[in-house]
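*Asks:* If you want the building blocks of each chain, they are given just below.
Number of protein chains: 2
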Amino acid sequence: MRIAILGTGMVGNTVGTKLIQLGHEVMMGARAANNPKASEWAATNGDRASQGSFKDAANFGEILFNCTAGSVSIEALKLAGAETMKGKILIDLANPLDFPQGSPPILTVSNTDSLGEQIQRAFPEVKVIKTLNTVNCEVMINPSLVPNDHDIFISGNDQEAKTKITEILKDWFGWKSVIDLGDITSARWTEQLLPIWLGLMNLYGTPRFNFKIVK
Amino acid sequence: MRIAILGTGMVGNTVGTKLIQLGHEVMMGARAANNPKASEWAATNGDRASQGSFKDAANFGEILFNCTAGSVSIEALKLAGAETMKGKILIDLANPLDFPQGSPPILTVSNTDSLGEQIQRAFPEVKVIKTLNTVNCEVMINPSLVPNDHDIFISGNDQEAKTKITEILKDWFGWKSVIDLGDITSARWTEQLLPIWLGLMNLYGTPRFNFKIVK
Numbered sequence: 504m505r506i507a508i509l510g511t512g513m514v515g516n517t518v519g520t521k522l523i524q525l526g527h528e529v530m531m532g533a534r535a536a537n538n539p540k541a542s543e544w545a546a547t548n549g550d551r552a553s554q555g556s557f558k559d560a561a562n563f564g565e566i567l568f569n570c571t572a573g574s575v576s577i578e579a580l581k582l583a584g585a586e587t588m589k590g591k592i593l594i595d596l597a598n599p600l601d602f603p604q605g606s607p608p609i610l611t612v613s614n615t616d617s618l619g620e621q622i623q624r625a626f627p628e629v630k631v632i633k634t635l636n637t638v639n640c641e642v643m644i645n646p647s648l649v650p651n652d653h654d655i656f657i658s659g660n661d662q663e664a665k666t667k668i669t670e671i672l673k674d675w676f677g678w679k680s681v682i683d684l685g686d687i688t689s690a691r692w693t694e695q696l697l698p699i700w701l702g703l704m705n706l707y708g709t710p711r712f713n714f715k716i717v718k
Numbered sequence: 504m505r506i507a508i509l510g511t512g513m514v515g516n517t518v519g520t521k522l523i524q525l526g527h528e529v530m531m532g533a534r535a536a537n538n539p540k541a542s543e544w545a546a547t548n549g550d551r552a553s554q555g556s557f558k559d560a561a562n563f564g565e566i567l568f569n570c571t572a573g574s575v576s577i578e579a580l581k582l583a584g585a586e587t588m589k590g591k592i593l594i595d596l597a598n599p600l601d602f603p604q605g606s607p608p609i610l611t612v613s614n615t616d617s618l619g620e621q622i623q624r625a626f627p628e629v630k631v632i633k634t635l636n637t638v639n640c641e642v643m644i645n646p647s648l649v650p651n652d653h654d655i656f657i658s659g660n661d662q663e664a665k666t667k668i669t670e671i672l673k674d675w676f677g678w679k680s681v682i683d684l685g686d687i688t689s690a691r692w693t694e695q696l697l698p699i700w701l702g703l704m705n706l707y708g709t710p711r712f713n714f715k716i717v718k
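Going line by line, the protein sequences match chains R and P. So the first sequence is numbered by our numbering: it starts at 504 and just counts up by one. So the second sequence is numbered by our numbering: it starts at 504 and just counts up by one.
Errors might be hidden in some of the hints.
One copy or any two copies: either way a pair holds, since identical chains are not told apart in the list.
[As the list claims (entries may be wrong)] The calculated lysine-lysine pairs, modelled on DSBU-like cross-linking and capped at a C-alpha distance of 30 Å, are:
1) K679 / K718
2) K540 / K591
3) K581 / K558
4) K718 / K673
5) K718 / K581
6) K673 / K521
7) K718 / K558
Hints are computed from structural coordinates only; laboratory data are not their basis. All values derive from a computational prediction rather than experimental measurement.
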């Protein structure tokens, strides 16, 4: 499959490289083509890896991963272009986190709205799926780094797209339990897990943990 | 031990009755003495159960449980009185939830503040401990209703009080895993679990589930 990775940070690198290993063609998109980090990633990931602008990548990919920082996601997706993304699935991995100096991390949108919803409202013809945002990027693509059973959540308005991405989470990345929380408004529930996630990471000294719902 | 239950709802009833069963003396406090629900609870729970005003109960109890609705907790605690509660441990079980007509439940305080912090700021000489607010009241006092291992969180500024309440959670209620998240600012992390908790309750059709951190 042709896949777009939007963003050149650690999340984009980790997910993009895993997708290459799975045999897919992956274009990493940045604000402008020939971004040094995207170019380096493409150069070290073989023939099926390429790089371009956000728009190039969004045009190339059948499925798009939003791996940009939450604070710049809307802006990056505008550069990708509503028309380019129209009808495609956008998997939103980002969280609207801010780290103000001298105070604990906060969410820049929460409670009555979420980044997932903001993206869906800004691009109504894109099938926005919020998932994987509650785990570290290494765990996203290799859930067995956390032992035993644990859960990943999925939110989105398009049921067919959610079913397809649930299969991808299971078949490509190895997730065993995917909990469908409902429409994109439930993105606010999982984005709100980030503050406790960050607290637990500080407590445990590792990002290799995850939530499980026990019942 | 002499214990105050502040609030006459389902949480106060459930926790108060469990404490009576454990052999403690429990006074249930309400806005005014002789509240019908508090009187009925006291009448059906034997000699060690009594009722009174919030102030009566706060005066009676060596440890206080805030079982009022989050929307009225500060007001109820003002009636209990800062001087009455001074130096005592207040276990805050409440959540700042609002259920606006026609829209999903929201938190009335979140992200940069929490009900736990508001209470601690309003009553600086009370040892506020936030815990048990992430489970249904039946699970609070009987965690074995949810099978296997799962976690409860605790937040508070006074380490000695947290140690004492951690022992109470384990010895009285049967909790096996109590995660100390840090000072009272971490109350915002657990209060923010309520929206996903409510979503999961709707999904599963039961409040008998809980979070576990897998690592």
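*Asks:* Each hint needs a verdict: does it hold in this structure or not?
*Replies:* These are the hints, each one checked on the structure:
1. In the homo-oligomer, the alpha carbons of K679 and K718 lie at most 30 Å apart both inside one protomer (16 Å) and across protomers (16 Å), since each shortest distance falls under that limit.
2. When the C-alpha separation of K540 and K591 is checked against a cutoff of 30 Å, the pair qualifies only within one copy, where the shortest distance is 25 Å, while the shortest distance between copies is 56 Å.
3. Taking identical chains as interchangeable, the C-alpha atoms of K581 and K558 lie at most 30 Å apart only when both belong to the same chain, with a minimum of 9 Å there against 58 Å between chains.
4. For the homomeric pair K718 and K673, the shortest alpha-carbon distances inside one copy (21 Å) and between copies (20 Å) are both at most 30 Å.
5. In the homo-oligomer, the alpha carbons of K718 and K581 never lie at most 30 Å apart, since the shortest distance is 41 Å inside one protomer and 38 Å across protomers.
6. Taking the shortest Cα distances, K673 and K521 sit within 30 Å of each other inside one copy (14 Å), while across copies they are farther apart (43 Å).
7. When the C-alpha separation of K718 and K558 is checked against a cutoff of 30 Å, the pair qualifies neither within a copy, at 44 Å, nor between copies, at 39 Å.
Taken one by one, the earlier hints fail for this structure at numbers 5, 7, listed in ascending order.
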